[in-house]
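Colleague: Sequence:
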Amino acid sequence: MLLLGLIGPVVYVSPTSLAAVVPLAGLALLAACPRDQLLADWLTPAWVLGLVAAAALVTAPTALDAGWAWQRSARLIAELLAASLLIATLPRFGEPGLRAIALGFGVGAAFALLDLALAGALSGWARSHPDPHSIRISYSRGAVAHALMLVPLGVMMARRGAWGVALALALPGLGAVAVLTSLSAQVAILAAAVVLVLVLAVPATVWVVAAMPLVALALAPQIPYDPSGPLGCAVAASKPSALHRLHIWDFVATRVGERPWLGHGIEASRSLPGGKAVIDLKTCGPQAEVIARGEQVPLHPHNAALQVWLELGAVGVIAVAIALVLAGRRVVALVVRDRWAGAAGAALAASALSAALISYGLWQNWWLMILALVAAVHATIARPSLTRQSAAP
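Under numbering that gives the first Met the number 0, the residue at position 164 of the sequence shown is numbered 163, and the numbers go up by one with no gaps.
Certain hints may be false.
Pairwise CB distance ranges, derived in the manner of DEER restraints [claimed, not checked]: (1) 29 - 282: 16 to 24 Å; (2) 206 - 27: 30 to 38 Å; (3) 53 - 26: 23 to 31 Å; (4) 287 - 201: 42 to 50 Å; (5) 29 - 118: 35 to 43 Å; (6) 282 - 189: 21 to 29 Å; (7) 272 - 162: 49 to 57 Å; (8) 189 - 27: 31 to 39 Å; (9) 278 - 162: 44 to 52 Å; (10) 95 - 277: 46 to 54 Å; (11) 317 - 31: 34 to 42 Å.
The set of hints was computed from the structure by calculation and includes no laboratory data. Backbone N, C-alpha and C fix where the C-beta goes; we use that ideal spot for every residue, glycine too.
Model the full assembly from the supplied sequences, consistent with the hints where possible.
Modeller: Listed below in structure tokens is the structure:
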């Protein structure tokens, strides 16, 4: 359980270290858990995630940088194997595993808040420029990961009478999100809360939640992202980073059509022709002024659906769609069995979807590990032992 408890602090302090912590946690759980039906539990996530890895391999020969695409695809296989191991083993530890994860995130957020209050005194030794802005940026990924877990895990802990754990997860998390002013984290919490209430009130709405990722994936290249349109004008003055995202998405959507079937290759966003061009981010109107500048595509599209289309083409879209259909079935099935647990699971899915569509690069190893944790937590919530007890009055 120690390694599970470390996930929260690590994602706040050193997110990239999750690439080691999550696989180690999976191996530790494997060593400690009973072996009955373990292979069957592992095969399902393994072959589903394997489809995504296969799509990366299939598209590698025609990639913009085939050599890099082969290397990155091989690494993706290892990352997805680690992900499938966590998804298969965490559910066997039930509530204790969820408690460890929840408490770990609480500790991570508390450390971040204390460090911010002390102007970086706790982490300054590890920073070349320990100014307040860089410190806030460094903790933002932890706040987003925490936001994904906050509503669903908090609800499950409260339903099982573990109010102390629920508060230890929620209070520092809300504090971190408020102080760090992370839009992605705020949107994730809002999405989770709205879906939780909707599914509790009208369980049939879970079908909408299950369909949303597929709709987003299918329509991503067709959506008009026009940064000079009403939405772009609305966010220009208050949130330049949001305006930058619209520019990125608009550019990426136009490039999808160049290679619609096999894409440009995994992580080709980093070297896409024209992607390093510096663009001006302007306000609207006759007195338009430059408020910031940024690269056309800085490393990745900040939108998982567009990234799949751009890099893996229709082949990758089909692989991801299959994974989403199977995940959606599990989300729906859980609501049928237990409304509260199902609503928490649907909230978890909604928060992850919202963050994936506006934030990080899909293949960033720390983000892949967080998505694996999301899937593993949902699988744990769905365990019969938890649903039976969480359904008790």
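Colleague: Determine for every hint whether it applies to the structure shown.
Modeller: Checked hints:
1. Between residue 29 and residue 282, the C-beta spacing of about 54 Å breaks the proposed range 16 to 24 Å.
2. Between residue 206 and residue 27 the beta carbons are some 37 Å apart, a value that agrees with the proposed interval 30 to 38 Å.
3. In this structure the hint that residue 53 and residue 26 lie 23 to 31 Å apart at CB holds, the actual value being about 24 Å.
4. In this structure, residue 287 and residue 201 meet the distance hint of 42 to 50 Å, their C-beta atoms being roughly 44 Å apart.
5. In this structure the supplied range 35 to 43 Å holds for residue 29 paired with residue 118, their Cβ-Cβ distance being about 42 Å.
6. Distance hint for residue 282 and residue 189: a CB-CB separation of about 26 Å, consistent with the stated range 21 to 29 Å.
7. Judged by the Cβ atoms, the range 49 to 57 Å given for residue 272 and residue 162 holds: they are separated by roughly 55 Å.
8. As the Cβ distance of residue 189 to residue 27 is approximately 34 Å, the hint placing it in 31 to 39 Å holds.
9. Evaluation of the 44 to 52 Å hint for residue 278 and residue 162 yields a pass: the beta carbon distance comes to about 49 Å.
10. Between residue 95 and residue 277 the Cβ separation comes to about 51 Å, which falls inside the hinted range of 46 to 54 Å.
11. In this structure the hint that residue 317 and residue 31 lie 34 to 42 Å apart at CB holds, the actual value being about 37 Å.
Taken one by one, the earlier hints fail for this structure only at number 1.
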